[in-house]
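Protein chains: 2
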Amino acid sequence: MSILSPDALEDALRAIGAERYHIHHPFHHLLHGGQLTKGQVQAWALNRYYYQASIPAKDASLVARLPTPELRREWRRRLVDHDGDGVHPGGIERWLALTDGLGLDRDYVVSLQGLLPATRFAVDAYVRFVREKSLLEAIASSLTEMFSPNIISQRVSGMLRNYDFVTEQTLAYFTPRLTQAPQDVAFALAYVKDHADTAERQEQVLAALRFKCDLLWAQLDALHFAYVAPGLPPPGAFRP
Amino acid sequence: MSILSPDALEDALRAIGAERYHIHHPFHHLLHGGQLTKGQVQAWALNRYYYQASIPAKDASLVARLPTPELRREWRRRLVDHDGDGVHPGGIERWLALTDGLGLDRDYVVSLQGLLPATRFAVDAYVRFVREKSLLEAIASSLTEMFSPNIISQRVSGMLRNYDFVTEQTLAYFTPRLTQAPQDVAFALAYVKDHADTAERQEQVLAALRFKCDLLWAQLDALHFAYVAPGLPPPGAFRP
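Chains as they are written, first to last, in full-length UniProt numbering: chain A, 1 to 240; chain B, 1 to 240.
Chain A on its own, in the form it takes in the complex:
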């Protein structure tokens, strides 16, 4: 591969999203299309909790490797967004409001007892990726947020329309994400376009985004297999 201009690199990143982002997964279509039972939506929220709860671990290990106060402050904002500030709830707390709203026991959710093992493997792979790969690859792996406003608006509008057990309050997790994600993306995308200055580094960046799309996709595969078709939750996993 020869070196791309920064804008061509951005196009290549967006092309990965167009092909691989989990907005195209059948489970997502069932979810926002109103074709899941309450139990299946519970399974989704319960498993996705582990992803939400692990985000600050990956972000803090990224902060630990950023070289300047300016860069660390930029990325520290994500810690505040997810963990809150002690007054305003963060993303994890808001996700628990979602699992509450779906009628799941909070202690059970937090205990991770009912988690699909495949969810754990995928999420842990993400935390390890960010800890162990280059800073550039770690930052690039966050760029699925380029695509998240679309999936969030589909989810929120579809779920509100189609499920009588879902309210705006239940889905309050998503509202701040519509402004937080673009702010995060603006920084991360500029960093990646600026620092991926060889063909090799550009290929690493594209691979990092593919990896991240794959692990989001794999989480929906596992949900689909366990709870939709054929519908075989593994021993010990949540049963609606």
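One or more hints might be untrue.
To be verified - Just a few of them, taken from the derived set where beta-carbon distance is under 8 Å, the chain A residues facing chain B:
hint, residue
1, ALA64
2, ARG72
3, ILE92
To be verified - As a list, the in silico DMTMM-like pairs of lysine to aspartate or glutamate whose alpha-carbon atoms are at most 25 Å apart:
hint, chain 1, residue 1, chain 2, residue 2
4, B, LYS133, A, ASP11
5, A, LYS133, A, ASP11
6, A, LYS133, B, ASP124
7, A, LYS133, B, GLU132
8, B, LYS133, A, GLU132
9, A, LYS193, A, GLU132
Unchecked claim - Beyond 12 Å from chain B on every Cβ pair, some chain A residues (computed):
hint, residue
10, ARG48
11, ALA60
12, PRO67
13, THR68
14, PRO149
15, ASP164
16, LEU171
17, GLN180
18, ALA186
19, TYR191
20, PRO240
Because the hints were derived from the structure by calculation, they are not lab data.
Built from N, CA and C at the ideal position, the CB exists for glycine as well.
Following the hints, complete the assembly by docking chain B onto the known chain A.
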């Protein structure tokens, strides 16, 4: 060793400080006693900059391993204290005001070109310790802050009294530390007393604090050797 009560453990921690904290190092006595040249004080500030600049790396890798939003928020405060919030300067910026005030070129300080290799080894050992040891040991290694208000007040009052090249503004780094450190200690000490619940864990906690005292001490040893007696800075190191 048999298990100690939490208060006896605190006494044992304080006894380590009484014996090993670098307030007892001859270089500290020379520094606050006004017996160093401006060049020797510059060497101290230049080397200590690397310690300051590395603190957020160790704190963020600790945040990355804390399991709950509450614990992470508590430790996140240290990131804010050291990196600032983009409006109020953090500890690193305030330390650079100190090296500015001592007449050192800021680019040279930040470049780490003049750093003593022994400073780098000691500081890097601290960052690695926090990243690799148990969470309990990582938190315990912060407890030298139990002893820091004393050394800070000795430094500030002694340096102001004894050096005409030092002003209150130059030493502004230290003022917020007098309130930040006790707040940090209150949490860390309570955590350690609560979680060091076996004789083995208590021994780990005591060893972690000894390790931390040793690495602060080693930094002053290196300064003393290079710049006081015999006064042999290694090749490439800062020369006043």
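How the hints compare with the structure:
1. ALA64: 4 Å, holds
2. ARG72: Where the cut-off is 8 Å and the nearest Cβ of chain B is about 5 Å from ARG72/A, the hint holds.
3. ILE92: 5 Å, holds
4. LYS133/B with ASP11/A: With Cα atoms ~43 Å apart, LYS133/B and ASP11/A exceed 25 Å; violated.
5. LYS133/A with ASP11/A: OK: LYS133/A and ASP11/A at ~23 Å, within 25 Å.
6. LYS133/A with ASP124/B: 20 Å, holds
7. LYS133/A with GLU132/B: Roughly 17 Å separates the two Cα atoms, so the pair holds.
8. LYS133/B with GLU132/A: This hinted pair holds, its Cα atoms lying about 17 Å apart.
9. LYS193/A with GLU132/A: Given pair LYS193/A, GLU132/A holds - Cα atoms ~21 Å apart, limit 25 Å.
10. ARG48: Consistent with the label, ARG48/A stays out of reach of chain B, its closest Cβ about 17 Å off (over 12 Å).
11. ALA60: For ALA60/A, whose nearest Cβ neighbour in chain B is about 4 Å away, the distance does not exceed 12 Å, so it is violated.
12. PRO67: Given a closest Cβ separation of 9 Å, the condition is violated.
13. THR68: Nearest chain B Cβ is 9 Å from THR68/A, so the label is violated.
14. PRO149: Fine: 24 Å to the nearest Cβ keeps PRO149/A off the interface.
15. ASP164: At roughly 31 Å from the nearest Cβ of chain B, ASP164/A sits farther out than 12 Å, so the non-interface label holds.
16. LEU171: 20 Å, holds
17. GLN180: 16 Å, holds
18. ALA186: 16 Å, holds
19. TYR191: About 17 Å separates TYR191/A from the closest Cβ of chain B, which puts it past 12 Å; holds.
20. PRO240: Answer for PRO240/A: holds, closest chain B Cβ roughly 27 Å.
The earlier numbered hints that this structure contradicts are 4, 11, 12 and 13.
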